[in-house]
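Reading the sequence shown from the start, the letters are residues 1 to 445 in full-length UniProt numbering.
Watch out, some of these pointers could steer you wrong.
Said to hold, decoys possible - Below, a list of computed lysine to any residue pairs in the SDA-like style, where the Cα atoms sit at most 25 Å apart: (1) Lys40 - Asn425; (2) Lys166 - Arg184; (3) Lys40 - Asp351; (4) Lys71 - Glu160; (5) Lys71 - Val395; (6) Lys166 - Ala142.
Since the hints were derived computationally from the structure, they do not count as laboratory data.
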Amino acid sequence: MEGLLSRRAALFGGAALGLPLLAGLPGTALAQSSVVDITKARTDPIPIAIPDFAGGAVGRDIARVVINNLKNSGLFRPVERAAFIQTPEAAAALPRFQDWRVIGAQALTTGRVDTGGDRVRVEFRLWDVLPEQQIQGTAFTAASGSWRKIAHLISDVIYERLLGEKGYFDTEVVYVAESGPRDRRTRRLAIMDQDGENHRFLTDGSAAALTPRFHPSARQIAFMSYARGEPKVYLFNLNGGRPEPLGNFPGMTLSPRFSPDGRSVVLSATRGNDSNIYVVDLGSRRERQLTSGGGLDVSPCFSPDGSQIVFNSDRGGDQQLYVMGADGGGIRRISFGRGRYATPVWSPRGDLIAFTRISGGQFGIGVMRPDGSGERILSEGWGMEGPTFAPNGRVMMFFRETPARDNRGGGYSSRLSSIDIAGFNERQIVTPTDASDPAWSPLLS
Numbered sequence: 001m002e003g004l005l006s007r008r009a010a011l012f013g014g015a016a017l018g019l020p021l022l023a024g025l026p027g028t029a030l031a032q033s034s035v036v037d038i039t040k041a042r043t044d045p046i047p048i049a050i051p052d053f054a055g056g057a058v059g060r061d062i063a064r065v066v067i068n069n070l071k072n073s074g075l076f077r078p079v080e081r082a083a084f085i086q087t088p089e090a091a092a093a094l095p096r097f098q099d100w101r102v103i104g105a106q107a108l109t110t111g112r113v114d115t116g117g118d119r120v121r122v123e124f125r126l127w128d129v130l131p132e133q134q135i136q137g138t139a140f141t142a143a144s145g146s147w148r149k150i151a152h153l154i155s156d157v158i159y160e161r162l163l164g165e166k167g168y169f170d171t172e173v174v175y176v177a178e179s180g181p182r183d184r185r186t187r188r189l190a191i192m193d194q195d196g197e198n199h200r201f202l203t204d205g206s207a208a209a210l211t212p213r214f215h216p217s218a219r220q221i222a223f224m225s226y227a228r229g230e231p232k233v234y235l236f237n238l239n240g241g242r243p244e245p246l247g248n249f250p251g252m253t254l255s256p257r258f259s260p261d262g263r264s265v266v267l268s269a270t271r272g273n274d275s276n277i278y279v280v281d282l283g284s285r286r287e288r289q290l291t292s293g294g295g296l297d298v299s300p301c302f303s304p305d306g307s308q309i310v311f312n313s314d315r316g317g318d319q320q321l322y323v324m325g326a327d328g329g330g331i332r333r334i335s336f337g338r339g340r341y342a343t344p345v346w347s348p349r350g351d352l353i354a355f356t357r358i359s360g361g362q363f364g365i366g367v368m369r370p371d372g373s374g375e376r377i378l379s380e381g382w383g384m385e386g387p388t389f390a391p392n393g394r395v396m397m398f399f400r401e402t403p404a405r406d407n408r409g410g411g412y413s414s415r416l417s418s419i420d421i422a423g424f425n426e427r428q429i430v431t432p433t434d435a436s437d438p439a440w441s442p443l444l445s
């Protein structure tokens, strides 16, 4: 945990500090004894009490974000506030544990917010109610407008300390915002926090944008655009500037993804009747061809260690998934189920590959191991595709099309959904417009 806190401290200019109560506690042993198995948490979510942080409106807002994050994960059950006995102010000073045990809380968070000028200081503590012990104590000091980010960081700490895995709440999602009738669809890039807040559009829709993907730094996006009439891969720096084409290559370039080290982009390029996989070095802008021969090779994605690439191809007569070395060698087919396979993406853990499967008129989002074994369909429907993993590999997001209740938008709507890799807790992500092609960022800090 020390490494996590030091990394977060760097974000806030060295002002994220462990509170005095943390000193002297057997943090590692206590954390281990407090960890709940995720398999158990799926069927029996952890009951956690999250009262308002003392200190006014910002404290209430922070608690609300933490509650929503943990509840939406499907692994926590926030205790109803109507059952609280001790006040938030009193609990922030010292919890009266019997008051929290009697309402069924296994874990408890307390906190205090102090605001002054343009800064906010948030003290946060996580308690194990039964042994009456503190698991975590941390303080964050940041610009007053960063209170929502602090709430996501607190959520990540709770997730990690109680489940033993990294959280995913301090992240963003970039996607394609869609509007207009189906035959004249406007598609522009949009970005938001993983919970749907802080939404903003990145492009104006004058040129269609598709398949956005994050750089490992989370500050750059690669995507496909029709800005000059022909589909080309563009790079967009989120710190400012305009989208710029990735080189001046002949033919169409599409389905880009960054390498794990962020130094290159793997993509598909169409020249003649074939589409093949290329790697483009971002420093020199030189390309290197990885596949050849007849067929359409598209949607490449690196493994987390950069040693392999998964892609889909119809080289065998039907659209299937293949894995090859990062140098293009050792190509082997890994999908053998019924139907066609597309949009593969490697889990950040390296243990799974997610995909879209189309079979018998039905779409499905599924996962398999990198050798093709253990295939599981997590969700099926009329139209769904484009899976993307949260940075901890525990949750995925994709988009689902459904027939519209009226004729607005050409007869269908497209919405983002998230789901646990075990296939439970599927939920819709609210966006201002129709949405497709989501991509989940790495942790932002």
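### Task
Verify the proposed pairing of Lys40 with Asn425, using a straight-line Cα cut of 25 Å.
holds (14 Å)
### Task
Would you mind confirming whether the straight-line C-alpha gap from Lys40 to Asp351 stays at or under 25 Å?
holds (21 Å)
### Query
Given the proposed pairing of Lys71 with Val395, does the C-alpha separation stay at or below 25 Å?
Satisfied, since the Cα-Cα distance of roughly 14 Å is no more than 25 Å.
#### Entry: Distance restraint between Lys166 and Arg184, which requires alpha-carbon spacing of 25 Å or less
The hint is violated at about 42 Å.
#### Entry: Restraint check for Lys71 with Glu160, where alpha carbons must lie at most 25 Å apart
holds (15 Å)
### Task
Below or equal to 25 Å on CA atoms is what counts here, so check Lys166 against Ala142.
It holds: about 23 Å lies between the C-alpha atoms, which stays within 25 Å.
Of the hints listed earlier, the one the structure fails to meet is number 2.
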